[in-house]
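Number of protein chains: 2
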Amino acid sequence: MLNQFKFVTGNPNKVREASEILDLILEPVQVGGLFEVQSPDLDVVVRHKALQAYASLQCPVMVEDSGLLFRAWNGLPGALVKWFEETVGCSGMLKMVEGFSDRGATAICCFAVYDGQTMKIARGEVNGTLSDSIRGKNGFGWDVIFIPEGHEQTYGEMSASEKNGISHRKRALDELKQIL
Amino acid sequence: MLNQFKFVTGNPNKVREASEILDLILEPVQVGGLFEVQSPDLDVVVRHKALQAYASLQCPVMVEDSGLLFRAWNGLPGALVKWFEETVGCSGMLKMVEGFSDRGATAICCFAVYDGQTMKIARGEVNGTLSDSIRGKNGFGWDVIFIPEGHEQTYGEMSASEKNGISHRKRALDELKQIL
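If you read the sequences in order, they're chains H and E. Per this note's numbering, the first sequence starts with residue 2, numbered consecutively. Per this note's numbering, the second sequence starts with residue 2, numbered consecutively.
Do not rely on the hints blindly, as some may be mistaken.
It does not matter which identical chain is meant; a pair holds if it fits inside one copy or across any two.
In silico DSS-like cross-links for lysine-lysine, where the CA-CA straight-line distance does not exceed 30 Å [unchecked claim]:
#1 Lys7 with Lys83
#2 Lys15 with Lys171
#3 Lys83 with Lys121
#4 Lys83 with Lys178
#5 Lys83 with Lys96
Everything labelled a hint here was simulated from the structure, so no lab data went into it.
Okay, chain H solo, but in the shape it has when bound (with noise of 0.2 Å):
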C-alpha cells in the first residue's frame, strides 16, 4: 500500500521510534483543531483521527493512540487512561482497583494509515499487571504501574532500549511493517 504519509503527533520519540521499525523516513506534522473522539476504544479513536487529520491535510497520514485496559474494569480506562492519569493519577488508579481481586491489565497501542481510500489498522498488545505501588522513574504516563507479562519490573523501571523492544507500541509497529 502506502509508504509515503505524514505521522500526525508532537512527540520526536514515536517519531524516531516508528521510522527506525518501519524503515521509512517518516515526515512528522502537528495539525491544529484535531479532536479525539470520546471513547475507551483506541480502535474507534485512531480511525476518527486518521479520517480528520486527512481531511485537514489532504494526504496520506499515520495517526497513533495507546492506552491501558484493567482486566477488572472490562475495558476501562482503555484510550480514556490520559484523564484518570490527569485527575487522579497513577496512585489514584492503583486504589480505585484495590477493591477488585483481578490485577491483570493490557497495553495496547494502535496506529492508523488512511490515504483517503484505504483505512490500515495495526494494533499491538502486551498483557501484564498493575503493581501494587508506582515503581520506577522512567517512561511517562502510567508506564509506573504497568508490568509486563514474564517481566517484573514495570516499565517505569526498565531503560527505555529495554521497554521499546518489548512493548505495545513496538508489537504494533511490528503489526503496521507486515501490513504496509
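Since chain H is already given, all that's left is putting chain E on it; use the hints.
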C-alpha cells in the same frame, strides 16, 4: 438572544422537560455523525457538540450533556460517566470509590445554544453524596447511586416529577431561561 432553535437530542423526555421550563416550542432533531469530544469537562463537550451540530444543520441549535463528578476523583468521571456505566456499571463505580473517604459528588448538566455567532452556555449543578449501594428503580444511568443534598433518597428512588423539580437539568434549564 434566540428563541428559535432546534434541540439536538434523541431523547423525547428531555425535549418535553425543556419545552415546559423554557416555555418554548422546541423542535427536536437528530444529527447523524455527531461526535462527543474526549473530555471529562461538560463545558468542553457541549461547546464542541454545538459547533458540530450548527455546521451540519446551518441553523440555531441547542445541545445538552450531563455527568457526575466524584469529589475524591478530582473531576472524574464527569462527562465520561457514560463509559463507566457501560463498562463497570453503577455497582462497579461504587466499588472503585470504596477506598476513598470522601463520598461527595456533584451532578452537572450543561446546555449550549449556538446560532453561528454567539455561544450561550447554561450550567446546573446539584451537590450530593454517593449511596452505599444501588438504590431505586426510577430514572436512568447513575440516578440509583446519587443522593442530592437535603434529601435521603437517591434520584432513582424519587418519582420523575420529584426528581425533575430539583435536578441538575432543571437548574440548567432555569439558568438557560435567564440567559435567553
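Checklist entry - For Lys15 vs Lys171, is the C-alpha pair at or below 30 Å within one copy, between two copies, both, or neither? => result This pair counts as within: shortest intra-copy Cα distance 10 Å, inter-copy 47 Å.
Item to check | Intra- versus inter-subunit Cα pairing at 30 Å for Lys83 with Lys121 | outcome: both (24 Å within a copy, 29 Å between copies)
Next on the checklist: At most 30 Å between CA atoms: does that hold for Lys83 and Lys178 within a copy, between copies, both, or neither?
Outcome noted: within (27 Å within a copy, 36 Å between copies)
Next on the checklist: At most 30 Å between alpha carbons: which applies to Lys7 and Lys83, within, between, both or neither?
Outcome noted: For Lys7 and Lys83, the Cα distance is within 30 Å only inside one copy (24 Å; across copies 34 Å).
Checklist entry - 30 Å Cα cut-off: does Lys83 pair with Lys96 within a copy, between copies, both or neither? => result both (17 Å within a copy, 21 Å between copies)
Going through the hint list in order, the structure satisfies each hint without exception.
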